[in-house]
Amino acid sequence: MIELLHNLPRFLFLTGKGGVGKTSIACAAAVDLARRGNRVLLVSTDPASNVGQVFDQRVGYAITPIVGVAGLDALEIDPEAAAEEYRQRALAPIRDFLSVKDLADVTEQLSGSCTTEIASFNEFTAFLAGNDIARGYDHIVFDTAPTGHTVRLLKLPGEWTSFLEDGLGDASCLGPMAGLDKTRTTYADALTALADPSVTRLGLVARPQTSSLAEASRTADELAEAGVHATHLVINGILPSEPISDVLADAIRAEETAAIAAMPVNLAGLTIDRLPLRSRDVMGLDALTTLLSEAPDHTPALAAPRANAPAGSSDSLAATIAQLAAKDHGLVMVVGKGGVGKTTMAAAIAVGLSDRGKDVLLTTTDPAAHLAWTVGEAAPFEVSSIDPVQAVADYRRHVMDTKGAGLDADGRANLAEDLRSPCTEEVAVFQAFAAAVEQSAHRFVVMDTAPTGHTLLLMDATGSYHREVVRNLPEQAGLTPLARLQDPDNTSVIVVTLPETTPVLEATGLAADLTRANITTWGWIVNRSLTPTDTTSPLLAERINAEQTPLREAQAQTGRVAVVPYSDTPPVGVNQLRQLSTASDRDAGHAVREQVRLRYAQAATAVRAGAHNTDLLADSTCCSPASCCGNPSADIGGFGAGLYDATEAAELPLEAIEASLGCGNPTTVAALCEGERVLDLGSGGGIDVLLSARRVGQSGFAYGVDMTDEMLDLARTNAANAGATNVEFLKGTIEDVPLPDGAVDVVISNCVINLSTDKPAALAEMFRVLAPGGRIGISDVVAEDHLTPAERAERGSYVGCIAGALSKSEYLQGLAAAGFTDPTVEFTHQVADDMHSAIIRATKLVR
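2 is the number of the first residue of the sequence shown in the numbering used here; add one for each residue after it.
Bear in mind the hints are in silico, worked out from the structure with no lab data behind them. Among the hints, erroneous ones may be present.
[What the hints assert, rightly or not] Cut-off 16 angstroms, straight-line C-alpha distance, at most; resulting in silico cross-link-like pairs (EDC-like, lysine to aspartate or glutamate):
hint: 1; residue 1: Lys809; residue 2: Asp823
hint: 2; residue 1: Lys809; residue 2: Glu792
hint: 3; residue 1: Lys760; residue 2: Glu795
hint: 4; residue 1: Lys760; residue 2: Asp737
hint: 5; residue 1: Lys328; residue 2: Glu223
hint: 6; residue 1: Lys328; residue 2: Glu85
hint: 7; residue 1: Lys732; residue 2: Asp714
hint: 8; residue 1: Lys359; residue 2: Asp388
hint: 9; residue 1: Lys328; residue 2: Asp287
hint: 10; residue 1: Lys760; residue 2: Glu792
hint: 11; residue 1: Lys404; residue 2: Glu383
hint: 12; residue 1: Lys404; residue 2: Glu439
hint: 13; residue 1: Lys732; residue 2: Asp710
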């Protein structure tokens with residue numbers, strides 16, 4: 002048993018910055034307690050709760066038994082549902098006494114983020130104060146919201162208690178004072194329970210990183226100021242030792258060891274649990290059962306390292322910044338759950354835009370951010386933060402100087418009391434936020450926003466302000482912050498997430514919420530990915546495999562996805578941020594190649610398991626543009642086995658047909674002759690090699706080159722089943738073909754050149770391996786000349802054969818540059834808007 006659960010009092014409270022794993026630990030703790038015979042209730046107060054996702058069942062705004070764990074129930078406090086119940090309760094006593102207009106005005110006052118905050122708090126305090134539901138449980142485990150929100154939530158008991166004790170102020174954002182007066186004791190009881198360690202245990206959760214531990218230290222201090230003292234610390238995700246040496250893994254362990262050794266004094270004195278990094282996301286009861294163990298969940302001796310894992314980022318952050326820099330001004334909002342690296346990404350974007358000569362303001366609305374620390378003192382642009390404390394002071398002073406100027410002494414006293422309401426902070430921060438948005442009309446404003454829950458509350462405040470302007474000053478409606486946020490020409494919203502299941506699900510939900518508010522998501526950044534690294538650590542290799550599904554899900558959301566490689570230390574200072582913002586195209590290409598390899602490996606495995614070609618083309622885990630890319634304009638009929646002559650295909654092994662994912666039939670394009678030597682680049686399951694072998698006969702020979710072990714194994718099996726003896730499948734890349742100069746007479750390829758991240762090298766290799774007088778006959782996806790690279794990316798992903806496609810002119814120029822003569826590109830059928838499958842031919846002259 003971990004120390005966190007030893008001699009546990011009735012309430013367990015876990016808190017920490019988003020992304021540290023506190024939800025998983027809360028769920029695991031609740032399971033452990035229930036299996037020891039306790040009646041346990043798991044309560045989430047996080048506006049972006051994902052408890053249901055961890056247990057793989059629906060958990061909502063009702064107490065729900067957890068399947069498979071007797072005695073365990075869970076509840077997710079839905080802020081919107083809580084706010085609606087609160088509104089109805091607040092309006093009930095006065096509904097019959099107000100006119101329709103007055104009732105509408107009061108309802109509008111009760112529709113802002115302040116009401117949502119206090120309504121959720123009402124639900125939260127009821128459990129701590131011992132309501133009837135709470136009395137039925139031995140333990141209640143609270144999975145709290147990210148740090149900034151948690152601190153505000155926990156400070157509310159003292160603030161609301163003192164605010165209500167005086168019985169003064171304008172309660173417009175709380176409902177009638179009479180209604181609140183009935184719960185005055187509840188607030189006091191909740192604060193007492195929180196502050197009593199014999200009743201409540203407060204555990205901090207952090208990652209073994211300097212920034213995460215520093216954040217936990219700040220949280221501990223802020224909670225102590227509210228009279229609530231943390232007693233336990235869980236350091237989650239420590240990379241365990243392994244029998245091999247790996248540069249990245251060794252650097253991570255060294256950094257983690259140093260961070261833990263130098264942790265702040267207020268943390269070092271707590272009772273500490275250390276949990277190892279798990280090989281996969283903690284989802285489901287089996288994973289939760291092992292989470293709280295200090296033993297690794299994999300066997301290093303049996304875990305084979307990933308071979309030749311390339312380094313780099315998927316679509317470089319530099320490419321993302323270059324697209325943003327096409328404009329001269331605008332708002333760049335970097336949003337996402339806490340702990341995903343928004344601050345670092347925002348700072349890197351600001352550095353990149355500044356280096357491109359743009360006027361930049363980098364600012365934050367996150368109460369828990371450490372922006373100045375990330376950028377350092379040498380920033381070549383303006384750096385500011387919206388400090389809630391200062392914003393509140395400025396707002397109070399402004400209101401007293403304006404609204405209070407004409408009041409008498411008693412009126413000013415009442416107004417001052419009203420401004421002591423915790424709701425004032427939301428209003429004040431929003432005023433500062435609106436001022437920063439306004440500057441985006443003439444410069445770049447890069448905004449590092451608060452974690453998901455707080456961001457959504459902020460968006461709601463923006464919407465309330467917009468509705469107020471539309472109602473009272475309709476001529477100014479187009480100038481409100483919401484109008485600017487809804488204008489895609491002014492605002493680029495970038496969602497930052499991690500390559501893990503829960504962060505991607507949360508990011509998807511955030512993007513959906515923004516869409517419902519008519520705010521368009523411009524692109525995504527997947528941060529701290531191991532996939533682009535060259536690690537050989539067995540455990541990190543397992544984590545890489547676990548990353549692939551979340552990466553695909555992120556790619557399905559948008560045509561713009563940048564994958565930033567994992568770094569053992571977060572970039573700090575302008576120079577390190579500049580390195581991050583100028584990642585080379587070569588690095589970007591490595592990760593694309595790795596994603597292609599993994600995607601086609603999964604296709605081969607699926608065929609081995611009985612999948613059909615139509616399944617691969619329609620399945621979101623496979624390789625057609627319509628599935629991989631979430632591309633509604635793509636035509637999956639333009640891909641796959643249906644492009645082959647049925648009579649000819651019927652003579653081949655079934656698995657060779659089912660594995661076909663190309664966009665044409667290059668064996669007919671190349672017009673093969675008896676005795677010729679043929680090379681198929683990206684040979685996959687072997688269909689084109691086997692067809693070529695039949696056409697060239699026993700006096701000829703057909704080679705296939707592929708970089709995917711699973712596809713090579715499938716192709717060799719298919720060749721054996723077909724009885725083909727004049728074929729050979731080689732492992733290699735199309736940019737570095739494992740054949741000597743002049744080895745073949747014909748090069749064919751089927752929808753593979755577009756996947757290359759170094760197309761000049763691929764075309765040059767085709768020219769090199771061809772004998773003089775040789776020719777190419779390939780099928781590939783080709784864009785119309787008017788489409789820019791960005792427009793191609795909007796139609797589908799790189800791995801889905803769309804984003805990496807050359808235009809017709811680019812193809813012709815590239816072939817000529819490689820040395821080919823008489824190049825031609827002939828469109829055959831459309832596969833996406835203004836993008837086509839094409840036949841490409843060219844010849845290598847005899848010299």
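Tell me, which hint numbers fail for this structure?
3, 5, 6, 8, 9, 10, 11 and 12
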